[in-house]
Amino acid sequence: MKRKASSSTGEEAEINVSPLIDMVFILLIFFIVATSFVNEVGISSNHKDTANSSTEISPLSFELPGSGQVTRNGTPIELRQIAPVVRTASAKSKPSVLVKISPGARAGLATQVMDQALLGGAKAVKFAPLPK
Amino acid sequence: MRTRIKSADEEGNESINVSPLIDVVFILLIFFIVSATFVSLPGVEISRVRTETAKSLERNSILFALSDEDEIYHGGKKVNLQDVPGLIEKASKDRKKPVVIQVDQWADATIMAKLVAEAGKNSNSVSIATRKPK
Numbered sequence: 001m002k003r004k005a006s007s008s009t010g011e012e013a014e015i016n017v018s019p020l021i022d023m024v025f026i027l028l029i030f031f032i033v034a035t036s037f038v039n040e041v042g043i044s045s046n047h048k049d050t051a052n053s054s055t056e057i058s059p060l061s062f063e064l065p066g067s068g069q070v071t072r073n074g075t076p077i078e079l080r081q082i083a084p085v086v087r088t089a090s091a092k093s094k095p096s097v098l099v100k101i102s103p104g105a106r107a108g109l110a111t112q113v114m115d116q117a118l119l120g121g122a123k124a125v126k127f128a129p130l131p132k
Numbered sequence: 001m002r003t004r005i006k007s008a009d010e011e012g013n014e015s016i017n018v019s020p021l022i023d024v025v026f027i028l029l030i031f032f033i034v035s036a037t038f039v040s041l042p043g044v045e046i047s048r049v050r051t052e053t054a055k056s057l058e059r060n061s062i063l064f065a066l067s068d069e070d071e072i073y074h075g076g077k078k079v080n081l082q083d084v085p086g087l088i089e090k091a092s093k094d095r096k097k098p099v100v101i102q103v104d105q106w107a108d109a110t111i112m113a114k115l116v117a118e119a120g121k122n123s124n125s126v127s128i129a130t131r132k133p134k
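Protein chains in written order, with the numbering used here: chain A, 1 to 132; chain B, 1 to 134.
Worth flagging that the hints you see were computed from the coordinates, not collected in a lab.
None of the values given here were measured: they were computed from a predicted structure.
We put the beta carbon where it would ideally sit given N, CA and C, even for glycine.
One or more hints might be untrue.
Derived CB-CB ranges, DEER-like [unchecked claim]:
#1 I27/B x P19/A: 16 to 24 angstroms
#2 I32/A x V18/B: 17 to 25 angstroms
#3 P19/A x E45/B: 53 to 61 angstroms
#4 E45/B x K94/A: 35 to 43 angstroms
#5 E14/A x E45/B: 50 to 58 angstroms
#6 N124/B x F30/A: 31 to 39 angstroms
#7 V33/A x G86/B: 27 to 35 angstroms
#8 S15/B x I26/A: 17 to 25 angstroms
#9 I21/A x D70/B: 34 to 42 angstroms
The shape of chain A in the complex, shown without the other chains (with noise of 0.2 angstroms):
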């Protein structure tokens, strides 16, 4: 690694390589600093707007009203009798689940209804917000 730049007067010339690290190092702090590893974990619905029409077979459907009771077809259903009810239509085939939402529900239930209807192997779940 010794390079010697024999200049004019024969002297040996070095290059200063401590500003080039001072730069490096901050660059490498910035980097670190900014870099964020967010990492979240979560639950998706990989439904298809556009192809899910009338014209398909009815989905499941569970209605969120105000009140915090999951019902299906009017009749209240425990949280955890969700999933054995969509595995049970799943037999024939994968069904999309549907969860019609009144105004008042709180999100985290809908977002359990949803996450029930997934384990019970619903090919997509679908929210539809009731009007007033």
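With chain A fixed as given, assemble chain B onto it according to the hints.
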């Protein structure tokens, strides 16, 4: 630079060879440049719901947040529902990026449904951020 001149017989005047250090620092620098994704966080505290089917989502996604006061946040600012498709369009540039919505469990579910529908207009994948089960 006079001190840099090597004199092997003299003690204390020896310069340290810095080239391996520079090599390592360059490798680290390139690693961090490549891995930097610059995700803009929504900037609001969200209490997530625990779900059983939660799986790891894509890192480089567009984040939205729905607070418990039914307000939508993106990039540290409050946004309107009808601006959401435009914001996704702007943030994803040429290729379609996935959208992750951080929903507070006490938010209104109808707003969430509308937000998911609006985000689905301009993105192939809309996910809801949750927590892993215990």
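Hint check:
| no. | hint | in the structure |
| --- | --- | --- |
| 1 | I27/B x P19/A: 16 to 24 angstroms | holds (20 angstroms) |
| 2 | I32/A x V18/B: 17 to 25 angstroms | holds (20 angstroms) |
| 3 | P19/A x E45/B: 53 to 61 angstroms | violated (43 angstroms) |
| 4 | E45/B x K94/A: 35 to 43 angstroms | holds (37 angstroms) |
| 5 | E14/A x E45/B: 50 to 58 angstroms | holds (54 angstroms) |
| 6 | N124/B x F30/A: 31 to 39 angstroms | holds (33 angstroms) |
| 7 | V33/A x G86/B: 27 to 35 angstroms | holds (30 angstroms) |
| 8 | S15/B x I26/A: 17 to 25 angstroms | holds (23 angstroms) |
| 9 | I21/A x D70/B: 34 to 42 angstroms | violated (52 angstroms) |
Hint check: violations occur at hints 3, 9; the rest are consistent with the structure.
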